[in-house]
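Student: Chains as they are written, first to last, in our numbering: chain A, 19 to 111; chain B, 19 to 111.
Since the list gives no way to pick out one identical chain from another, each pair is judged satisfied if it fits inside one copy or across any two copies.
Below are the DSSO-like pairs computed for lysine-lysine, each with C-alpha atoms no more than 27 Å apart in a straight line:
hint, residue 1, residue 2
1, Lys-80, Lys-97
2, Lys-83, Lys-99
3, Lys-41, Lys-59
4, Lys-97, Lys-59
5, Lys-99, Lys-59
6, Lys-99, Lys-89
7, Lys-99, Lys-80
8, Lys-97, Lys-83
9, Lys-80, Lys-59
Please keep in mind that the hints were generated in silico from the structure rather than gathered at the bench.
Protein chains: 2
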Amino acid sequence: MISNNEYFDGTVKSLGYTSATGKSTIGVMEPGEYEFGTSSKENMIVVEGELIALLPGETEWKSFKAGTSFKVGANTSFKVKSVGQTSYLCQYA
Amino acid sequence: MISNNEYFDGTVKSLGYTSATGKSTIGVMEPGEYEFGTSSKENMIVVEGELIALLPGETEWKSFKAGTSFKVGANTSFKVKSVGQTSYLCQYA
Numbered sequence: 019m020i021s022n023n024e025y026f027d028g029t030v031k032s033l034g035y036t037s038a039t040g041k042s043t044i045g046v047m048e049p050g051e052y053e054f055g056t057s058s059k060e061n062m063i064v065v066e067g068e069l070i071a072l073l074p075g076e077t078e079w080k081s082f083k084a085g086t087s088f089k090v091g092a093n094t095s096f097k098v099k100s101v102g103q104t105s106y107l108c109q110y111a
Numbered sequence: 019m020i021s022n023n024e025y026f027d028g029t030v031k032s033l034g035y036t037s038a039t040g041k042s043t044i045g046v047m048e049p050g051e052y053e054f055g056t057s058s059k060e061n062m063i064v065v066e067g068e069l070i071a072l073l074p075g076e077t078e079w080k081s082f083k084a085g086t087s088f089k090v091g092a093n094t095s096f097k098v099k100s101v102g103q104t105s106y107l108c109q110y111a
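The shape of chain A in the complex, shown without the other chains (with noise of 0.2 Å):
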């Protein structure tokens, strides 16, 4: 099964199935600011477009471009701001 997910109005959309290594999504925001709570550890890596992001314990938003991937921990939250629209891997292994 592909999964359909949509947040905050659709302005995320997700598709979840599972790869070789655990449980993923691939999905696309909408420019804008978006707060994440996790229930898991993610491991995000930006596809195309940017997402600067506020992570966990941090003070300050950090650029993170295609080709490039943070990581936060569970039961946490995150937020990122999306510039233009944004495809991203969102790893739960």
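Based on the hints, put chain B in the right spot on chain A.
Tutor: Just chain B, lined up with the frame of chain A:
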């Protein structure tokens, strides 16, 4: 707008958007074999999983694993076999 696309009875799903370099889709394929027609040229990048592709004019299937890519011209068709669930980025620029 992030577009929702489904092909082959929902065994291939993708999300369409526009990056800095042009139109793209990111998608997921269920295990299976598919034939896709192209209306414009495409650069297909395997994100996770593996696609085995029979490209236009070729007689041998070739394996493309995560991080590898192949190009297909406009107005042709190509076949792919998805090994497990495979996620991909398709750039139309």
